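Colleague: Here is what each chain is made of, one letter per residue.
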Amino acid sequence: MKLRLHSVELQLLPERAVWWPARKLLIVADVHLGKDQVFRRHGVSIPDGVLRHELDALDALLANHAAEKLLVLGDWVHAPPADGDAWPDIVLDWRKRYAQLHIELVLGNHDRALSGWLQRWKIACIGASFMLDGLMLVHAVDAEKETLPAGLSGHWHPAARLRSGREKLRLPAFALRDQHLILPSFGRFTGGMDGLDRQGWQLLAVAGQRIVAVS
Amino acid sequence: MLDFQRQAWQAYAEGQSGLIHAPTGSGKTLAAWGGAVNELIAQDSSGGGLSMLWITPLRALAADTCRALNRPLEGLRMPDAVALRTGDTSAYRRKKLLEQPPPALVTTPESLSLMLSYADGSKRMSRLKAVFIDEWHELMSSKRGVLLQLSLARLRALNPGLKVWGLSATIGNLDDALAGLLTADEQDVDRPGLCIQGRIDRPIEIDTLLPDSVERFPLAGRMGLPQLRAVVDRIEQSDSTLVFTNTRNQAENWFGAIQSVSTEPETIALHHGSIDRELRDLAEQGLAGGRLKCVVATSSLDLGVDFSPVDQVIQIGSPKGIARLIQRAGRAGHQPGGCARIVCVPTHALEIIELAAVRNRLWQGKVEAREPVRLALDVLAQHLVTIALGGGFEPDRMFDEVRTSPAFSDLSRQQWQWTLDFITRGGPALEAYPNFHKVERVDGRMRVTDRRIGMLHRLNIGTITADGALQVRFVKGAALGQVEERFITRLRPGERFIFAGRSLELVRVRDMTAYVRKASSKKATVPSWAGGRMPLSTLLADGMLALFDEYVAGCAHPTPESESIAPLIALQQRASAMPGRGHLLIEQLQSRDGAHWFVYPFAGRLAHEGLAALLAFRISRLQPVTFSITVNDYGIELLSAKAIELEAADWRDVLTIDHLTDDIEHSLDAANMAKYRFRDIARVAGMVQQGFPGRGKPVRHLQASSGLIFDVLKQHDPDHLLLEQARREVLESQLELGRIRAALERAAEQRLMIRRPERLTPLAFPLWADRLRSQLSSEDWQTRVDRMLGQLETAAGVSSR
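Chains A and B are the protein sequences, given in the same order.
Sequential numbering of the first sequence, starting at 1, is according to the numbering used here.
Sequential numbering of the second sequence, starting at 1, is according to the numbering used here.
Quick caveat, the hints were computed from the structure, so don't treat them as lab data.
Bear in mind the structure is a predicted one, so any value in this text is a computation, not a measurement.
Just so you know, even glycine gets a beta-carbon here, dropped at the ideal spot from N, CA and C.
Treat the hints with caution; some may be incorrect.
What the hints assert, rightly or not - In silico negatives: residues of chain A with every beta carbon more than 10 Å from chain B:
1. D36
2. S45
3. V50
4. L62
5. E68
6. L92
7. H102
8. E104
9. L118
10. G127
11. F130
12. D142
13. L148
14. G191
Said to hold, decoys possible - Per the computed footprint, the stretches of chain A lying under chain B, defined by three or more beta-carbons under 8 Å from a beta-carbon of chain B, are:
15. 37-43
16. 77-90
Produce the complete structure using the sequences and hints provided.
Modeller: Written out as structure tokens, the structure reads:
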């Protein structure tokens with residue numbers, strides 16, 4: 001689905017990402033790598049296939065678009081790696097396969113105490129926000145605020161709730177209001193928040209290979 | 001002293017265990033407690049340590065029980081020998097109880113489990129003489145009962161001579177109730193356990209509030225408000241009245257209605273499980289003290305010890321089961337020897353027959369059975385972590401110990417190993433759960449070593465899931481009670497709803513709390529709470545069929561109900577036929593809505609849901625068709641656009657018992673139902689951290705919905721036994737597969753009576769009117785989703801890329 005924000009041409013992808021053709025830039029938000037490991041450490045047995053699954057999803061995304069740069073709008077990880085965690089090395093192995101790709105990270109609330117690993121992963125940290133062609137790129141905005149800058153963000157994990165008769169469905173969604181777009185969480189092992197439509201946001205749900213406006 | 005009390009004391013003195021069953025208010029408590037009192041006096045000088053535990057299912061009952069148990073000890077220089085420990089007990093008081101244990105403690109299954117989770121818990125429980133379990137009939141068919149059985153197994157291991165006594169109301173399977181209290185191998189050896197019967201139930205007199213004319217009485221609807229005037233008259237004639245309803249929604253509606261026509265609205269109060277404890281207490285005390293004339297209640301008042309009897313009990317709608325009727329009628333005047341009177345108010349015409357069946361079953365002295373829960377691995381996992389936390393366990397000995405509890409007597413080595421793996425390494429495949437950390441082996445014992453894990457576990461002990469419950473609270477402070485998240489999330493701030501009998505306006509939702517303010521207008525929606533409606537019990541459903549046979553044969557015992565309903569039965573017979581035990585009635589007719597098939601298996605609403613989906617699925621396999629499905633306690637409606645012609649032979653195929661489980665799972669979205677069911681399981685097994693109303697969300701970084709976890713497990717560990725358990729629970733509890741099977745088995749023996757009436761019959765009408773449809777078609781899930789999306793797109797008028 002095509003979208004024009006502040007005269008920048010963007011493409012919303014069903015892979016839960018945004019493609020910025022003019023800059024050959026892919027944008028994702030809220031990947032939450034290592035979340036499964038945090039759970040296991042706290043006694044909740046989540047299988048580690050989760051991490052592999054996220055990396056596979058990134059692979060698929062990168063394979064479909066000739067991106068020069070991947071921009072992560074915050075929450076690349078769920079928590080800083082702890083001693084003995086294997087997942088940061090698995091991510092490193094994954095990273096080495098994309099030597100040509102620049103990865104930049106807008107810091108999210110989960111990306112704490114990461115600097116050593118960011119270096120190893122060759123991920124450039126570009127602070128809390130920055131402007132690009134008139135668009136503000138930031139991790140989180142106050143979704144209840146009436147006026148928002150033209151731009152893109154993540155953090156809220158928007159979701160849409162569909163209902164027809166007895167069938168119910170909850171899908172990740174992009175949320176759009178005026179000139180601001182909130183991305184769905186890229187990480188599969190993350191929850192969603194519905195109700196943004198009640199605050200005046202239009203929800204664009206990711207339904208399989210399509211994107212559907214639902215409100 | 002009564003005979004059965006003496007008998008119980010004697011048995012206790014001999015060191016026996018057993019079950020005492022008697023109606024509420026007949027001296028059951030004293031029968032059980034007398035032996036303990038004697039033992040407490042005898043050991044008074046030896047002193048020290050906790051020797052008696054009294055388990056009660058409801059926190060709310062604990063304080064009353066504590067008082068009642070202290071009473072016989074007061075005159076014996078043992079004041080305050082019985083103390084209280086529940087989730088409501090303050091941390092300070094709990095610490096005090098640990099340091100200076102009282103001789104006896106009143107507590108809940110969850111609190112007992114929590115006590116076992118402390119390192120010195122076992123030591124403090126090692127001088128126990130006896131455990132008493134109140135309202136065992138309530139616990140035995142739930143996972144709470146399973147948790148309790150596991151704790152009992154632990155206590156028995158610590159105290160080999162432990163006596164266990166259960167108290168139960170009358171139920172249909174007392175043998176199972178007794179067996180549930182004993183160890184799995186104790187049942188047939190030297191200490192078989194005693195079943196002591198107290199005074200038999202008081203005779204119950206049912207007074208049905210019959211409408212003037214059944215022809216003008218509604219055939220459908222479940223509020224019953226047309227009878228409001230008659231009910232209010234009864235209330236005003238009496239000093240104290242309890243009005244029982246079957247759902248909280250019904251209670252809110254009736255409360256509002258009674259208040260609006262009553263001359264003294266301030267003397268009427270509301271009491272249901274979602275209302276804050278303090279408000280409920282006020283209602284109970286008000287009724288006892290004479291300040292209130294009437295309390296409208298749900299099953300929230302089914303239990304209770306010290307609740308003073310009222311002059312009159314009114315039951316709105318069918319009680320749906322005999323046991324429930326007996327329990328509720330017991331709230332009326334507790335004078336020994338007298339009879340209990342209950343006024344039943346049918347909400348629609350067919351319920352009059354239901355009430356007639358209730359009356360018949362009462363005469364025959366039949367009561368429903370309660371099915372015990374078996375092999376709940378989620379509860380086992382929780383218990384094992386509890387014990388690992390409370391000093392640890394040695395696996396082989398623990399296996400034997402767990403198998404002494406009746407719920408796990410059939411536990412296989414493999415299931416045991418899986419559960420052990422689940423808590424020690426995450427799952428059977430070690431490599432799938434790197435760095436999993438919960439229970440560890442230290443010097444041969446399984447222990448929890450991480451303090452944070454221990455803390456989290458203790459927060460989540462228990463099996464009752466305050467499922468997505470939000471606290472309802474005034475912005476200015478006072479708490480009103482709890483409402484389900486599902487309901488609140490559909491409301492926007494500013495919208496109104498009725499709760500606790502008040503019209504409220506939602507202000508905001510924050511931290512598991514819905515803040516509200518008083519609304520000026522009365523126009524508002526009433527929340528519906530999940531799981532409110534009980535299906536008609538098998539006993540009653542069969543009772544109705546028996547009655548029909550008697551009506552048709554003309555040998556029905558004349559009752560006010562049967563006389564009132566006679567015109568309706570005549571009408572049904574003229575237009576079609578009456579259902580009966582020997583035949584299955586099936587009706588086919590055409591209306592403006594389309595082509596209808598009605599089937600009347602009388603298997604209860606839950607079983608009908610599964611059965612209807614099954615029939616629709618099987619018919620649609622014969623010829624492609626999409627049905628609208630409606631069910632009630634009596635039957636099923638299948639509605640389609642074009643007529644589907646089925647002869648008796650086709651119906652035989654459709655009603656076959658072959659491939660039942662497979663077909664059911666195909667016909668319903670069983671996968672999705674299991675996902676829903678998994679919520680409770682995940683919580684019990686410690687995979688989801690529970691949020692506590694009013695206490696904010698726990699540990700943010702560990703938030704994940706059970707649905708997400710379900711998907712992850714399904715994808716990466718499909719053989720997970722908790723997924724299997726979710727599937728089993730959907731079939732057994734949610735869809736009542738047992739009843740579906742029984743209905744099909746019966747149908748195989750029955751004659752099929754296919755009738756083609758010209759218009760809706762009295763039996764068909766409620767189904768038609770009550771239509772809550774669900775679509776079932778032969779299309780697959782993906783097509784259905786696509787269709788749904790297509791509709792939404794059209795509706796939204798926006799195109800996709």
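Colleague: Take the hints in turn and mark each one as holding or not.
Modeller: Comparing the hints with the structure gives:
| no. | hint | verdict |
| --- | --- | --- |
| 1 | D36 | violated, 8 Å |
| 2 | S45 | violated, 3 Å |
| 3 | V50 | violated, 6 Å |
| 4 | L62 | holds, 21 Å |
| 5 | E68 | holds, 23 Å |
| 6 | L92 | holds, 16 Å |
| 7 | H102 | holds, 27 Å |
| 8 | E104 | holds, 24 Å |
| 9 | L118 | holds, 20 Å |
| 10 | G127 | holds, 23 Å |
| 11 | F130 | holds, 27 Å |
| 12 | D142 | holds, 15 Å |
| 13 | L148 | holds, 20 Å |
| 14 | G191 | violated, 5 Å |
| 15 | 37-43 | holds (count 7) |
| 16 | 77-90 | holds (count 5) |
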